[in-house]
Amino acid sequence: MDAVWNVAGQALIVLGALLFSTAGIGLFRLKDVYARSSAIATAAGLGISLVLIGAFVLDPSWPNAVKLVIAIVLQLLTSSAGSMAIARAAYLTGSPLHPETDPDELHQ
1 MDAVWNVAGQ ALIVLGALLF STAGIGLFRL KDVYARSSAI ATAAGLGISL VLIGAFVLDP
61 SWPNAVKLVI AIVLQLLTSS AGSMAIARAA YLTGSPLHPE TDPDELHQ
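Reminder that position 53 of the sequence shown reads as 53 in full-length UniProt numbering, one-by-one numbering, no gaps.
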């Protein structure tokens, strides 16, 4: 049973790392700063959570569980706030949208 937890923990860590890699590719492939900040914020929130959960599965204990919960909550709070701050700064400095981007897709 211990081998199953070991494989599960390592799989979660690798999945989190793959999510970060995908976001890194998105930095080069996405067209404007707004899409890039969205991709990075999603990867930061979910990727770090997966890596931390994987590390916890490899070394479970009550002190680590407390650290895990605190780290995930703080990461999710700061990741979204940081992403919004970057997007707002881009908007206020006049960063253009890519021509293919429809800024109001809901209003047609």
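Misleading hints may appear alongside valid ones.
[Claimed, not checked] Here are the simulated distance ranges between beta carbons: (1) 85 with 2: 39 to 47 Å; (2) 22 with 88: 20 to 28 Å; (3) 31 with 7: 37 to 45 Å; (4) 60 with 100: 22 to 30 Å; (5) 4 with 96: 21 to 29 Å; (6) 26 with 81: 14 to 22 Å; (7) 1 with 31: 31 to 39 Å; (8) 98 with 11: 18 to 26 Å.
These aren't lab readings, by the way, just hints derived from the structure by calculation. Yeah, the Cβ is synthetic: ideal placement off N, Cα and C, and Gly gets one too.
Do the hints match the structure? See the list:
Between residue 85 and residue 2 the CB atoms are about 43 Å apart, so this pair conforms to the stated range of 39 to 47 Å. A C-beta distance of roughly 25 Å is found between residue 22 and residue 88, which places it inside the suggested range of 20 to 28 Å. The supplied range of 37 to 45 Å is met by residue 31 and residue 7, whose beta-carbon atoms lie about 38 Å from each other. For the pair residue 60 and residue 100, the beta carbons lie near 47 Å from each other, so the given range of 22 to 30 Å is not met.
About 51 Å separates the C-beta atoms of residue 4 and residue 96, a value inconsistent with the hinted range of 21 to 29 Å. A hinted range of 14 to 22 Å holds for the C-beta pair residue 26 and residue 81, which are about 20 Å apart. Judged by the Cβ atoms, the range 31 to 39 Å given for residue 1 and residue 31 is violated: they are separated by roughly 48 Å. Our hint of 18 to 26 Å for residue 98 and residue 11 is violated, since their Cβ atoms are close to 36 Å apart.
Comparing the model with each numbered hint stated earlier shows that hints 4, 5, 7 and 8 do not hold.
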